[in-house]
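In case you want the letters, here they are:
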Amino acid sequence: MSTTFSRGDVERVARLARLELTAEEKDLFARQLTGILAYAEQIQRVPTDDIEPTSHAGDAAALRDDTLIPSLPREESLAAGPGADPSTGLFKVPRVLG
Amino acid sequence: MDLPTDVRSIRDAVVKRDVSAVEVCQAALDRIDALNAPLNAFRAIARERALARAAELDGRRHGASLPLLGVPIALKDNLCTRGIPTTASSRILENYVPPYDATVVKRLEAAGAVIVGKTNCDEFAMGSSTENSAYGPTRNPWALDRTPGGSSGGSAAAVAAGMVAVALGSDTGGSIRQPAALCGVVGFKPSYARVSRYGLLAFASSLDQIGPFASSVCDAALVLNVIAGHDACDATSSQAAVPDFSAALSGEGDLRGIRIGVPRHLFREGVDRDVMQAFDAAIEVTRHRGAEIVDVTLEHSPEAIPVYYVIATAEASANLARYDGVRYGFRAKDAATLTEMYDRTRGRGFGREVKRRVILGTYVLSAGYYDAYYRKAQQVRTLIRRDYDRAFTSADVIAMPTSPTAAFKLGERTDDPVQMYLSDVFTVGANLAGLPGISLPCGFTATRLPIGLQFTGRVLEDATVLRVAHAYERATSWSKERPPVASELSR
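Protein sequences, first through last, are from chains E and V.
The numbering used here puts the first residue of the first sequence at 1, with every later residue one more than the last.
The numbering used here puts the first residue of the second sequence at 1001, with every later residue one more than the last.
Because the hints were derived from the structure by calculation, they are not lab data.
Among the clues, some could well be false.
Claimed, not checked - Label pairs and their computed distance ranges (CB to CB): (1) V:S1065 - E:R12: 45 to 53 Å; (2) V:I1293 - E:T22: 36 to 44 Å; (3) E:R12 - V:H1288: 58 to 66 Å; (4) E:T88 - V:V1015: 48 to 56 Å; (5) V:R1049 - E:I51: 49 to 57 Å; (6) V:R1273 - E:P70: 15 to 23 Å; (7) E:D65 - V:D1371: 34 to 42 Å; (8) V:D1145 - E:T22: 25 to 33 Å; (9) E:G8 - V:D1415: 33 to 41 Å; (10) V:A1241 - E:G89: 37 to 45 Å.
To be verified - DSSO-like, lysine-lysine: derived pairs with alpha carbons at most 30 Å apart: (11) V:K1016 - V:K1106; (12) V:K1480 - V:K1409; (13) V:K1480 - V:K1016; (14) E:K26 - V:K1480; (15) E:K92 - V:K1409; (16) V:K1409 - E:K26.
Ideal placement from N, C-alpha and C gives every residue a C-beta, glycine not left out.
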């Protein structure tokens, strides 16, 4: 398979990734991602029938007891947020429903 | 008197009160002040906090038990530091001040280290030249028109220029070892899960690892002793016992009984002649020290770069979803709706390489492409791991050049992502297989740019890698070479 990454593909994926792109970026990424995918396609030539996928390099994550431990105070967690409203203990965001 | 510059001498001098921690800290700050303008190695300098901390250590009565007492240390800017801005060199985290310390930061401070600042890097550790920083590139102390490598270029340059004895970086595909090679210092990527990542701004969670830069293998081992070990805050961190890495070093530098595997089939093309000559000479040194040199084959290594870029970008697209203008950092102010706010915050807050990778990662995970790219890459990753397993039946460590070239010029590869990605051709394998890897100096090019030698070892056999590297270091003097920054840069 040989993939051409079109400007429309860039727009579709950028919507999924919640990224606003400039017109220049869309053209640039379409061109560069076509090149990167052409390069990445060499993995298609490797036979992998019956090969299990590796999702991480370590042992399986260890389970722990579900015990309560202290977490950051709410005011500190809110302190770095651009929409933080410490008086309510919430983050403010633009209107969600019209 | 001249102040000591290596970890052990600094600590011993401060313990004996030959010098104070404040004097050592002030000397580091002075050197940073003198050299940071040309190098741009530091993003933030924590002057008052560092001096206050050093004074506090000087006032302690029982500091002698602390293994890093009074040692100034720099941290890559993707490690969270309570009260010190942490940006990962991204606009989207401009002015972000974390409310907590990374586990490695806590452990270093508990061991008596003094954090002097945060170092520049490629944005969210994505890059091989530190040119993807939103705050300008770092320059290589050996040649100011060249990159220090990346993504931990600021940490590598800071140690090379003698601004600090030790710095931490993170390595997802070579981001400690490659800049260490290009800056002529030691850089160590521990085994996956050997060091807690709690408080590391995640890039690709199945690959990321934190590790030290230092001017000797011995110093790197001293730092690893402090930061390694299980952490309840990182469920992926290994429960395996932590050996004394310093005690495991080679003593007299004897390599008898060690088998060093060399995958010569990977060096047929694309490796600079100066790099290949330095590597061959280094292998001869290890042979003279008693090592047995064996041929090994890593059949799927040519596919390691594309496998890496599929897996790393897929994981990055998920990890970077959290930067949405709500909880930290930058928010676009002109949005009328929530989704518009997300789109604009991320579109303006992220730089081009990050956006390129988030788009690639989102694409390879999207419906219809998941099996062809992401799952396929994970299967080839299994084959790459098996190649290493097989090679390690006949070899104890594997030696390769760290990077196929010495430091390249600023701007030379920024227009061609694939060319830039090839900088990592010899380093990504260790991340995909979870192996420990070290880069240490093994020579210079004709134009006096440093060349790095890499050893990788079996999973959790970090001590073996350090031991072999230490033996090589003892047999040569490359690690003692320093860039002539003091005279040249202050002119």
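Q) In this structure, is the beta-carbon distance linking R1273 (chain V) and P70 (chain E) contained in 15 to 23 Å? A) For R1273 (chain V) and P70 (chain E) the Cβ distance comes to about 59 Å; the hint is violated.
Beta-carbon spacing of D65 (chain E) to D1371 (chain V) - inside the hinted bounds 34 to 42 Å or not:
holds (37 Å)
Open item on the list: Tell me if the beta carbons of A1241 (chain V) and G89 (chain E) are separated by a distance inside 37 to 45 Å.
Closed with: Holds: the Cβ-Cβ distance is about 43 Å, inside 37 to 45 Å.
Exercise. Is it true that the C-beta distance of I1293 (chain V) to T22 (chain E) lies inside 36 to 44 Å, as the hint says?
Worked result: Between I1293 (chain V) and T22 (chain E), where Cβ atoms are some 53 Å apart, the hint is violated.
>> Quick check on a hinted range of 25 to 33 Å for D1145 (chain V) and T22 (chain E), using CB atoms only.
In response: Since the Cβ atoms of D1145 (chain V) and T22 (chain E) sit about 30 Å apart, the hinted range of 25 to 33 Å holds.
| Are the Cα atoms of K1480 (chain V) and K1409 (chain V) separated by 30 Å or less? | holds (24 Å)
Hinted pair K92 (chain E) and K1409 (chain V), Cα distance within 30 Å | violated (45 Å)
Decide if the proposed pair is consistent with the structure: K26 (chain E) and K1480 (chain V), CA atoms, cutoff 30 Å inclusive.
-> violated (48 Å)
>> Hint check: K1409 (chain V) vs K26 (chain E), CA-CA at most 30 Å. Holds or violated?
In response: It holds: about 27 Å lies between the C-alpha atoms, which stays within 30 Å.
C-beta pair G8 (chain E), D1415 (chain V): status relative to the range 33 to 41 Å that was hinted
Once the Cβ atoms are compared, 24 Å apart, the range 33 to 41 Å for D1415 (chain V) and G8 (chain E) is violated.
query: Is the distance from the Cβ of R12 (chain E) to the Cβ of H1288 (chain V) consistent with 58 to 66 Å?
result: With Cβ atoms ~59 Å apart, the hint holds.
* Is K1016 (chain V) close enough to K1106 (chain V), meaning Cα to Cα at most 30 Å? -> Between K1016 (chain V) and K1106 (chain V) the Cα gap is close to 25 Å, so the pair holds against 30 Å.
Hint compliance for this structure: hints 1, 2, 6, 9, 14 and 15 are not met, and every other hint is.
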